[in-house]
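Q: Now for the letters of each chain:
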Amino acid sequence: MNRYTKGVSRKRGLKPGSLVHIGTVTGKKTEIHIMDYKDDILKEKDTYNIEDCYKYKDTDNMTWINVNGLEDIALYQKLGEHFGIHSLIMEDILNTNQRPKIEEFEKYIFIVLKMIYFKDDKLVVEQISMICMQNLIITFQEASKAGDVFENLRTRIRNPKGKIRKTKVGYLTYALIDSIVDNYFVVLEKLEDKIEGFEESLMVNVSNNLFNEVYNLKRQMIYLWKAVWPLREIINTLQRGEVDIIEDKVSIYFKDVYDHTVQVIDTIELFRDMVAGLLDTYLSSASNKMNEIMKFLTIFSTIFIPLSFLVGVYGMNFDYMPELKFKYGYAILWMVMLSISGFMLMYFRKKKWL
Amino acid sequence: MNRYTKGVSRKRGLKPGSLVHIGTVTGKKTEIHIMDYKDDILKEKDTYNIEDCYKYKDTDNMTWINVNGLEDIALYQKLGEHFGIHSLIMEDILNTNQRPKIEEFEKYIFIVLKMIYFKDDKLVVEQISMICMQNLIITFQEASKAGDVFENLRTRIRNPKGKIRKTKVGYLTYALIDSIVDNYFVVLEKLEDKIEGFEESLMVNVSNNLFNEVYNLKRQMIYLWKAVWPLREIINTLQRGEVDIIEDKVSIYFKDVYDHTVQVIDTIELFRDMVAGLLDTYLSSASNKMNEIMKFLTIFSTIFIPLSFLVGVYGMNFDYMPELKFKYGYAILWMVMLSISGFMLMYFRKKKWL
Amino acid sequence: MNRYTKGVSRKRGLKPGSLVHIGTVTGKKTEIHIMDYKDDILKEKDTYNIEDCYKYKDTDNMTWINVNGLEDIALYQKLGEHFGIHSLIMEDILNTNQRPKIEEFEKYIFIVLKMIYFKDDKLVVEQISMICMQNLIITFQEASKAGDVFENLRTRIRNPKGKIRKTKVGYLTYALIDSIVDNYFVVLEKLEDKIEGFEESLMVNVSNNLFNEVYNLKRQMIYLWKAVWPLREIINTLQRGEVDIIEDKVSIYFKDVYDHTVQVIDTIELFRDMVAGLLDTYLSSASNKMNEIMKFLTIFSTIFIPLSFLVGVYGMNFDYMPELKFKYGYAILWMVMLSISGFMLMYFRKKKWL
Amino acid sequence: MNRYTKGVSRKRGLKPGSLVHIGTVTGKKTEIHIMDYKDDILKEKDTYNIEDCYKYKDTDNMTWINVNGLEDIALYQKLGEHFGIHSLIMEDILNTNQRPKIEEFEKYIFIVLKMIYFKDDKLVVEQISMICMQNLIITFQEASKAGDVFENLRTRIRNPKGKIRKTKVGYLTYALIDSIVDNYFVVLEKLEDKIEGFEESLMVNVSNNLFNEVYNLKRQMIYLWKAVWPLREIINTLQRGEVDIIEDKVSIYFKDVYDHTVQVIDTIELFRDMVAGLLDTYLSSASNKMNEIMKFLTIFSTIFIPLSFLVGVYGMNFDYMPELKFKYGYAILWMVMLSISGFMLMYFRKKKWL
Amino acid sequence: MNRYTKGVSRKRGLKPGSLVHIGTVTGKKTEIHIMDYKDDILKEKDTYNIEDCYKYKDTDNMTWINVNGLEDIALYQKLGEHFGIHSLIMEDILNTNQRPKIEEFEKYIFIVLKMIYFKDDKLVVEQISMICMQNLIITFQEASKAGDVFENLRTRIRNPKGKIRKTKVGYLTYALIDSIVDNYFVVLEKLEDKIEGFEESLMVNVSNNLFNEVYNLKRQMIYLWKAVWPLREIINTLQRGEVDIIEDKVSIYFKDVYDHTVQVIDTIELFRDMVAGLLDTYLSSASNKMNEIMKFLTIFSTIFIPLSFLVGVYGMNFDYMPELKFKYGYAILWMVMLSISGFMLMYFRKKKWL
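Here the protein sequences come in this chain order: A, B, C, D and E.
Under the working numbering, read the first sequence as residues 16 to 369, first letter to last.
Under the working numbering, read the second sequence as residues 16 to 369, first letter to last.
Under the working numbering, read the third sequence as residues 16 to 369, first letter to last.
Under the working numbering, read the fourth sequence as residues 16 to 369, first letter to last.
Under the working numbering, read the fifth sequence as residues 16 to 369, first letter to last.
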């Protein structure tokens, strides 16, 4: 399966703005979850009808529409038209190969992020797109919202006295991004566990299999880095307070997420160094182990070489070989051979070869 | 054959602006394909006469002249003179060693790009030059237009209701570049297939041949990178809306191609890392396999060393060797030798050398 | 134990500004040490009550409140409220995974630094946060103040005629940072001792253990670098004289610390090169030693090969082998064998293999 | 011979502006070649007298004075004084260790370039300095003008109808630099030939000698890169049209040379990658070949080990060894040994070791 | 001995501006050398009394005070006070761990440089500090002025007609820096000699000792680079003409030193590449030589393996072995064995293993 270039070529030759889903096909229906709140009012709704969302445009309440699933092209066509989103942006939302980025328009801003988590011990990267406009945020996820990184945020919104009830679109934007970035730390902890696991394995045993696993880890790190690195620039843009739709006072919150992002990037770089170290250690250990075997066996055989020579000597059939006639010849030879072995062992030990 | 420096030195000493074809010689005639359209009118024409193109200068219709083949110097001389293109630019068009670039002049802009495709499993890089002026774009290809990356674009132009019929030079410029960039993804998918193929081959077998192929892949990646990297800057220039001839409203489309280009560059970098990983894996596997053989054979021979010593001992001709007289001596010796072999195998297994 | 990602995920899902201690849990009570001075007046106090500090806000005297321990959340809640520190900053103070940074606010500046020292031969990194406001600095340490890097500074403050008694918040900020940076040199000296120790060990012996220790050193260096590198930017900010709260005339002092920081960074980079060199030397020595053994043993066995062949020849049972009947055959064979050995040794010596 | 630092220290302690020739001493007389032209007038002259050049200062005609040889200090002293060139610049002209650079003065600009060519298969770097002033360019070469890179340019000047006859100092400056840069392509083609030669050699044979040659090539590449890299900045300066003496309309020509220079740099970088690849391939091939030998020989000897053991067994002198008495014992043993050999060969083939 | 961190920690905890000598202790008395000149007047003086220098402050003559030795703290205290130099600067002068830098103050500029020379074949780095004020320059050296790099400059000053007699502080600053930079070339030549020496040694012999020496050279290169690199920025500052105390017209001289510095840096980088190449060559040669030995010995032993087998065969004691009875059996066996040896040698030669 093509992982990095998954089917992008399918779009080739279509006119720009043609909606095509590019990504893993799940076959699930696209679900919509709506949270509409202001001060102590909260309306929450689950639906499959995009039409149910139309009324939340241009209201005074803050609304968060969470769309799960990217495969219902018709739904996206309607959504784009009703909320006035450029067709190229709609195209980007459906294409899960996007690089994290931010784009500003007159009426809304468009943000693409990557949500990262482990699923069955495999690193999964899911694309999250956000359209933030006056009093309304629409988020798009590849998979179901069940168990996603926003659950804590929903709980905070449901709390009638939560500070978030009084905030506007900038704060919700922040809260969404913060949820994603906070989750990176969970992934990093798992990765550190893995690295440490490999470090311990390397102490015990060295197998080619391990080499492949560490290499795999290295590649995951590169992938992760590519997903997180552009985030820095995105949050920086938001923090500078130049985006109209974002209220100025959340700037300090974005500064905070910015610091976290830098921390994530720093940690990934540290891990990359560590994984590179693992590979070096692997290679050094493997050659070390091999050398140890070769050394043992070579020394072993070397001890026998002069002995074999000696027994060869007394296997010769010369008529005149005085030692052969001597009664204690055989016993003396054994003693000589034992002495030679002992002397050689001592010599090897002295040379620190043993 | 010189690949990177193909005959550039032929031009040495000529005065600047001298038209010389530098590139692979095909001997084919230069074909011209003209598409002239406006709203619901479309005139299409194939010709070998450059004179047929003269009338499309300074008209109200949008015209796309596609010149295939760079070897007819006379044709190019006429073309340059009639359309008022600087002789240095004409020289650049004929020199297929150009680096991708954009140059702005008062009346036109000049763009050089690289079209990349696989032909008989070999990566081919073909230079595309574009002259974009008021209501007219002239494109230059090295080879025939049959099967080129613009076929989908032509179909869209032929559609009488296509949006493209209503657009100007900026949009067509975009559509041409977009066709080229979209095609990069096809190449990337093929490359990923290759990388994965090599990964699987490495699991099964390790040959020096494989090493050379992976090295070749690595070089292709460098070459690709060099062809795509400058594109970023070109599209950036177009997108900033500073080029007069390009209408402002296509800026968002160029932003889109820009994102794709960055994606292509990112993917190439990822692939370079992966190919570097392949080489490391190759080297590790090769040394691993060698070590495995050496280990087996060394252990094998080591087991026989003490046995050979023993049979040597009882081949000696000492007059007094009591074991030789003993009736069961021979049988006991076999048992001793079997025990030694067994013990050594156990020892090697315990040491995890086997 | 997770070292780099120590429990950050614990904070996931909490609303921003929630105070959570992230770091090593010691269970010790949070101690507060207050120094309040102006000209020849000095009041010093140890307390566990944050309320005791309230009165030092907005006085004419210069006050330094040193808080040791980050685990008493309630204390920090009160402190933040009374001194008007943003909840996100309070959160940062309690999170020991911070990257060194500086943040300016209207009434105060917030600085995070890393204090580095060796404890039981292990490199320890302790986070120091500083809140600097008009006539007041509050510093936060992870551990007890006993034996920290500020002891010399306290002595200088206690000296009634010390220049520091006449200075304001900027100078004390400088003095605190200077104490931390000066201490880096102590760490660097220890590290250089270690590097030199390894260099000497490498001359004498080569063990896989050594490899791991050097690798560990390499990782410490990376870690150190990450802790010191951002300091450059922080001090640069302070030195430019753009921070309101810092009086202009301490700018030259910050320039001095800046130079020291650059020196520390330079030295770390030098050490990283040296450690990389150690690893290369290790690998070269290890392969060298192995080669030496293999060479010795191979040459040794090679000398015996023709001798063993010869004794084999005269162990054959052919009826007609004239040498066997010859009286001095056996003696001559010994002489032949000695000559062969001698000749081979000479040959090897000539070839410089011995 | 010191190649990179050739005698610079000889100048140590002299006062600045002291004229000292630093470079390879040839002992040849300094030749001067003068071309003075305007429209259809051309005067050409060869001389050894610097005084002959004096009259070309401040005329209406365009003059190109080409000075070959840097060893006649007296000549240079006079030249500097008459044409009003700063003594530090005169010093730079005579010092062939200059890095390519451009310096602007009120009345003239000073340019240093490196001319590169192969002589007897050795890469030679020759320094070219240029003083460009109103209607006059003086160029300085290390060696004779015979066979230099400017011959084509001279031919173009000699052509009475050549466009160059109507141009000013800016165009001649361009034409000189263009001649030098065009020549780089010739060198690059030769280098590519060499690289390809090595690639083919590596297929056939692997010798330590080859390693040294490839290393040498690598160093030449570094040297080349150092000579060409600064050129980019120089031409950029000329192209920006900020240099007074250079007429604005040649800017497009400099843009063209700039593109060529970038192309040269790109190609050198590509070649460096290729040479690095050659070294890797060399190392891989060498270890491959060694492994192949070791494998063959080890397998060969391994097959004989059990056979030798068996013949040893039947060489023992036990009184009771029934096989020895059996008539067909000897024949059966041979069959057994042949079977063992066959079986082992099959096993090795199955394991893909053979 | 700690080389890079030599005793800096001794200063920890002292108040800023405390004068402490940090560097190699020599125990020599601090010598002062004064040159006071204007046009044709020159007064020169050697003294140990700092008070003798006081009168040269604020005179019309140009004065150069050269202080040799950094260990007389009292002297430095007086000097700093009399000439009004900031205590932090005095501290920097005594600390020989400074990084090259320039600092501007109202009345003077402070420059730190590194003087580099070989002493007994060891690279020595000596710190030179300069205080440049109106008509006065004070330089500080670690060691005696005998044999330092300024001797030629002194000679030029002593020449009553020297141009330098008419210049001001800027020119002397230039002359001092120029003397230091010129001396770098001497060091570079020595280093190149060393590199070439190693290159030749590598052709002849490969020892682990050589490896260590080359590594040492590599480290020296890094050290050198660190000492020279910041110089670029310093001279750039001086050359831009923004420093008040430096007269504008020496700008061109500083441009000249700047070029030299860039040249030095370029050469060091080249040398670093060359040393890296030496290490690669060393490793390749070492493994090559080892392989050669192993190959020879393995082939040697392989030839004897079948021979030993054969003599083993005819050492067996089977009752029925017809060959043994045959009269020419023994002679034929010898011929067979010679043929086998010959055939194997031919085979190895054909395979190019020999």
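If you're looking for bench data, these hints aren't it; they were derived computationally from the structure.
Treat the hints with care, as some may be off.
With a straight-line Cα cutoff of 35 Å, these simulated DSBU-like cross-link-like pairs (lysine-lysine) come out [claimed, not checked]: (1) E:116 - C:181; (2) D:304 - B:30; (3) B:70 - A:137; (4) C:122 - C:366; (5) E:367 - C:366; (6) B:264 - A:137; (7) A:209 - B:367; (8) D:310 - D:205; (9) D:58 - B:205; (10) E:241 - C:367; (11) D:205 - B:264; (12) A:304 - C:30; (13) C:30 - A:205; (14) D:342 - E:137; (15) C:367 - A:304; (16) D:116 - C:304; (17) A:304 - D:310; (18) C:178 - E:137; (19) C:304 - A:178; (20) A:304 - B:367; (21) E:367 - C:304; (22) A:233 - B:310; (23) E:30 - C:181; (24) B:70 - D:176; (25) A:270 - C:367; (26) E:122 - C:134; (27) D:233 - E:30.
As the structure is a prediction and not an experimental result, all values here were calculated from the model.
Q: Indicate, hint by hint, whether the structure satisfies it.
A: Outcome of the hint check:
1. Of the supplied pair hints, the one linking residue 116 of chain E and residue 181 of chain C holds, its CA atoms being roughly 31 Å apart against a limit of 35 Å.
2. For the hint linking residue 304 of chain D to residue 30 of chain B, the alpha-carbon distance of about 52 Å lies beyond 35 Å, and the restraint is violated.
3. Pair hint residue 70 of chain B plus residue 137 of chain A does not hold up; C-alpha atoms about 62 Å apart against a cutoff of 35 Å.
4. Using a Cα cut-off of 35 Å, the hinted pair residue 122 of chain C and residue 366 of chain C is violated, with the two alpha carbons roughly 80 Å apart.
5. A C-alpha spacing of about 20 Å is found between residue 367 of chain E and residue 366 of chain C, which places the hinted pair at or below 35 Å, so the restraint holds.
6. At roughly 43 Å between alpha-carbon atoms, residue 264 of chain B and residue 137 of chain A are farther apart than 35 Å, so this suggested pair is violated.
7. In summary, the hint linking residue 209 of chain A to residue 367 of chain B is supported, as the alpha carbons are separated by about 25 Å, within the 35 Å threshold.
8. For the hint linking residue 310 of chain D to residue 205 of chain D, the alpha-carbon distance of about 39 Å lies beyond 35 Å, and the restraint is violated.
9. Pair hint residue 58 of chain D plus residue 205 of chain B does not hold up; C-alpha atoms about 63 Å apart against a cutoff of 35 Å.
10. In summary, the hint linking residue 241 of chain E to residue 367 of chain C is not supported, as the alpha carbons are separated by about 41 Å, beyond the 35 Å threshold.
11. Between residue 205 of chain D and residue 264 of chain B the CA atoms are separated by roughly 49 Å; this puts the pair beyond 35 Å, and the hint is violated.
12. Proximity of residue 304 of chain A to residue 30 of chain C is assessed by CA-CA distance (about 52 Å); at most 35 Å being required, the pair is judged violated.
13. Restraint check: the Cα-Cα separation between residue 30 of chain C and residue 205 of chain A comes to about 23 Å, which is no more than 35 Å; the hinted pair holds.
14. A threshold of 35 Å between alpha carbons decides the hint, and for residue 342 of chain D with residue 137 of chain E the separation of about 82 Å lies outside it, so the pair is violated.
15. With a C-alpha separation of about 29 Å, the suggested pairing of residue 367 of chain C with residue 304 of chain A holds against the 35 Å cut-off.
16. A threshold of 35 Å between alpha carbons decides the hint, and for residue 116 of chain D with residue 304 of chain C the separation of about 50 Å lies outside it, so the pair is violated.
17. For the proposed pair residue 304 of chain A and residue 310 of chain D, the alpha carbon gap of about 20 Å is at most 35 Å, so the pair holds.
18. For the hint linking residue 178 of chain C to residue 137 of chain E, the alpha-carbon distance of about 44 Å lies beyond 35 Å, and the restraint is violated.
19. Taking the CA atoms of residue 304 of chain C and residue 178 of chain A, the gap is near 69 Å; set against the 35 Å cutoff, the hint is violated.
20. For the hint linking residue 304 of chain A to residue 367 of chain B, the alpha-carbon distance of about 10 Å falls within 35 Å, and the restraint holds.
21. A distance of roughly 29 Å separates the Cα atoms of residue 367 of chain E and residue 304 of chain C; the hinted pair therefore holds under the 35 Å criterion.
22. Between residue 233 of chain A and residue 310 of chain B, the direct Cα distance comes to roughly 29 Å. Compliance with the 35 Å bound is thereby established for this hinted pair.
23. The hinted pair formed by residue 30 of chain E and residue 181 of chain C meets the criterion: a straight-line CA distance of about 14 Å does not exceed 35 Å.
24. Distance check on the hinted pair: residue 70 of chain B and residue 176 of chain D sit about 34 Å apart at the alpha-carbon level, within 35 Å; holds.
25. For the suggested pair residue 270 of chain A and residue 367 of chain C, the alpha carbons sit about 67 Å apart, so the restraint of at most 35 Å is broken.
26. Between residue 122 of chain E and residue 134 of chain C the alpha-carbon distance is near 46 Å, which puts this suggested pair outside the 35 Å criterion.
27. Restraint check: the Cα-Cα separation between residue 233 of chain D and residue 30 of chain E comes to about 53 Å, which exceeds 35 Å; the hinted pair is violated.
Going through the hint list in order, the structure does not satisfy hints 2, 3, 4, 6, 8, 9, 10, 11, 12, 14, 16, 18, 19, 25, 26, 27.
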